[in-house]
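Chains as they are written, first to last, in the numbering used here: chain A, 1 to 222; chain B, 1 to 307.
These are computed hints drawn from the structure, not numbers from a lab. By construction, the Cβ of each residue, glycine as well, lies at the ideal position given by its N, Cα and C atoms. Everything hinted at is true.
Which residues of chain B face chain A? A partial, calculated answer using Cβ under 10 Å:
no. : residue
1   : L107
2   : N122
3   : P174
4   : G238
If you want the ones that stay clear, here's a sample from chain A, every Cβ over 12 Å from chain B, calculated:
no. : residue
5   : T32
6   : E74
7   : E123
With a cut-off of at most 30 Å between alpha-carbon atoms, the simulated BS3-like pairs for lysine-lysine come out as follows:
no. : chain 1 : residue 1 : chain 2 : residue 2
8   : A       : K168      : B       : K178
9   : A       : K194      : B       : K213
10  : B       : K213      : B       : K2
11  : A       : K7        : A       : K40
12  : B       : K250      : A       : K173
13  : A       : K168      : B       : K121
14  : B       : K137      : B       : K9
15  : B       : K119      : A       : K173
16  : B       : K119      : A       : K7
17  : A       : K168      : B       : K224
18  : B       : K197      : A       : K194
19  : A       : K168      : B       : K203
20  : B       : K178      : A       : K187
21  : B       : K137      : A       : K194
22  : A       : K168      : B       : K119
23  : B       : K213      : A       : K187
24  : B       : K155      : B       : K9
25  : A       : K173      : B       : K233
26  : A       : K187      : B       : K197
27  : A       : K187      : B       : K203
28  : B       : K197      : A       : K168
29  : B       : K230      : A       : K173
30  : A       : K173      : B       : K197
31  : A       : K173      : B       : K178
32  : A       : K214      : B       : K121
33  : B       : K230      : A       : K168
34  : A       : K173      : B       : K224
Below, each chain spelled out in residue letters.
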Amino acid sequence: MIVGSRKPMEEIEAMIDPFERIIVLGCRECVTVCSVGGEKEVGILAAELRLSRKQKGRAIDILEFSLERQCDHEYIEQIRTQVANYDAILSMACGAGVQFVAESYPEMPVFPAVNTTFIGVTEEQGLWTERCQACGNCILHLTGGICPVSRCSKSLMNGPCGGSSDGKCEVNKEIVCGWQLIIERLKQLGQLDKYEEYIPIKDWSSSRAGGPRKVVREDLRI
Amino acid sequence: MKSASRLEKVLEKGEFAVTSECGPPRGADAEVIQKKGALLKGVVDAINVTDNQTSVVRMSSAASCFILKGMGLDPVLQMVTRDRNRIAIQSDILGAAAVGVNNILCLSGDHQVFGDHPKAKNVYDMDSIQLIHSVRKMRDEGTFIEGDEIKGAPKLFIGAACNPFADPFEIRVPRLAKKVAAGVDFVQTQCIYNIDKFEEWMKGVRDRGLHEKVHILAGVTPMKSVGMAKYMKNMVPGMDVPDEVIERMKGVPKEKRADEGITICVETIQKMKEIEGVRGVHIMAIEWEDRVPEIVERAGLSPRPDV
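Turn these sequences into a full structure, and let the hints steer you where they fit.
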C-alpha cells in the first residue's frame with residue numbers, strides 16, 4: 001500500500017489560514033489502512049482544527065467527508081454538489097489523490113494534509129516499512145525476493161557496500177542492511193552461488209528517470 | 001601494459017608497491033594539494049586522491065589529480081558513484097585520462113548522511129562493481145556504456161576498495177571475485193588492525209586463486225591517539241579495531257601515543273610483506289601525510305624502485 005504520515009498541525013493550519021469553509025476529505029484506501037487519512041482521522045483532524053480556531057476566536061465551517069478512493073473520477077464526483085459551498089479542500093489522501101481532486105475541481109484550492117512517504121507494508125501494529133520504489137523494472141527474482149533498490153540505502157545492484165556492519169546499514173543502526181537480507185535469503189534457498197552473478201547497470205528509464213509514467217491497456221480502453 | 005601507470009609498472013615488475021592518499025582541501029587553494037604532494041613525492045608509487053570523502057564537499061578529485069600530475073606524481077582518481085550519473089562519470093573519466101591521470105579507484109562512496117550536506121539527493125545510477133565494468137569496457141573495448149565508439153579510449157589502471165572486515169564475512173571473498181570478474185586490476189583494502197581476520201580472508205582469497213588475478217594492496221592507517229582508535233572502532237562502519245590495539249596505545253604515556261601509532265603501523269606493514277598474495281601496501285595517514293616518509297622508511301620500503 002501507499003503509506004503516509006500526517007503533516008504537523010502548524011503546517012496544515014498555515015495552509016488553510018485564509019479560509020473559513022473547508023472540506024476535510026478522507027480516502028478509504030491505503031491511507032485508511034495505515035491510519036493516516038481515513039474517516040477516523042478526518043474526524044480527529046476536523047476536531048483539532050475547530051478547537052484551534054475557537055481558541056483564536058475565528059470561525060470555521062468544516063465538512064467531514066470520505067471517499068471510497070480519491071484516485072478514481074467516479075468517487076471524486078460524489079462531492080461535486082457540496083464543493084460549491086466551500087472555499088477549500090484539505091485532502092488526507094496520498095499525493096495522487098490530492099492531485100486528482102485538484103484536477104477535478106480546478107477552481108478550488110486543494111491542500112495536502114498528509115506527506116506521502118512510500119510503498120510499504122504493515123510490519124507490525126503501528127509500524128510501516130518501505131518495500132518498493134516502483135522502479136518499473138522488477139528484479140526480485142535475482143535477489144532472493146528482497147529489493148535492493150528500496151532496501152539498500154544506496155540502491156546498490158551488487159552490494160553490500162563496506163559499510164554493512166552486524167547486519168545493519170552504515171546510515172544508522174535502525175536500518176537492516178538490505179544486502180545482508182538478500183544474502184541470508186539466498187542461503188536459505190540454497191542459491192548463494194547467485195550472489196556472484198553480476199547484475200548489469202540498471203535501465204532506470206522505466207523509473208522516474210524517464211519522466212512521468214503511464215500504463216495503457218488497450219484491451220480495457222473504451 | 002594496460003596503462004602508463006607507474007603503479008601498474010611497479011606491480012607488474014613484482015615489486016612490493018606503496019601507495020598513499022591525500023584528501024583535497026575544503027577550498028580552492030591549490031597550494032594545499034601541492035604541499036601534500038611534495039611530502040609524498042618519491043616516497044610512494046601512487047597517490048589516491050579522495051572524492052568528497054565522508055560526503056563532505058572538497059576540491060574535486062579530478063582537479064586535484066591534475067595538480068599532482070603536474071608535479072610528476074602518479075595520482076589515483078578516486079571516483080564514487082554517489083554524486084554522478086553515468087553521463088558525468090564517463091565524462092570525468094575522459095577528462096581525467098586526457099590530462100594524464102592513469103589510475104582510477106571505483107567506489108560507491110559513503111552515504112551523504114555522514115557529510116556536511118545530509119539533505120542532498122544521492123545518485124547511485126550505478127554501483128562500484130558496475131563502475132569497474134564500465135571503465136574496463138571504456139578502456140578495453142573502446143566503447144561507452146551504451147556501446148558507442150570512443151575516439152581515444154581512456155587507458156586507466158583500474159582499482160577498487162575491498163573490505164575484508166565488513167559483514168557478512170562469508171561473502172567477502174566472493175565479493176572480491178565479483179570485482180575481479182568485472183575487470184579490476186588492483187584493490188586497496190580497508191585499514192587492517194585485526195591481522196588474524198585479514199589472514200583468514202587472504203587464505204580464502206588464495207584458495208580461489210584470486211591473488212593471481214588481482215594485485216592486493218593492504219590498507220593501513222596510523223592511529224594518532226586513543227581517542228582516534230576508539231572512534232575508528234565504534235563510529236566507523238565496517239572497521240575492525242581489536243581491543244589489544246587500543247590497550248597498547250593506552251599503555252604508553254600520552255605524549256608518546258602518536259609515535260606508538262606509527263610503530264604499530266610499521267609493524268603491520270612488515271607483517272603484510274610476509275603474507276602470500278599481498279602485493280603492496282596502501283598507507284592512509286589521515287591529515288598526517290608528513291609522517292608517511294618515516295613509515296615507508298622504517299618499513300624497509302624506500303627507496304622506491306625505478307621503473
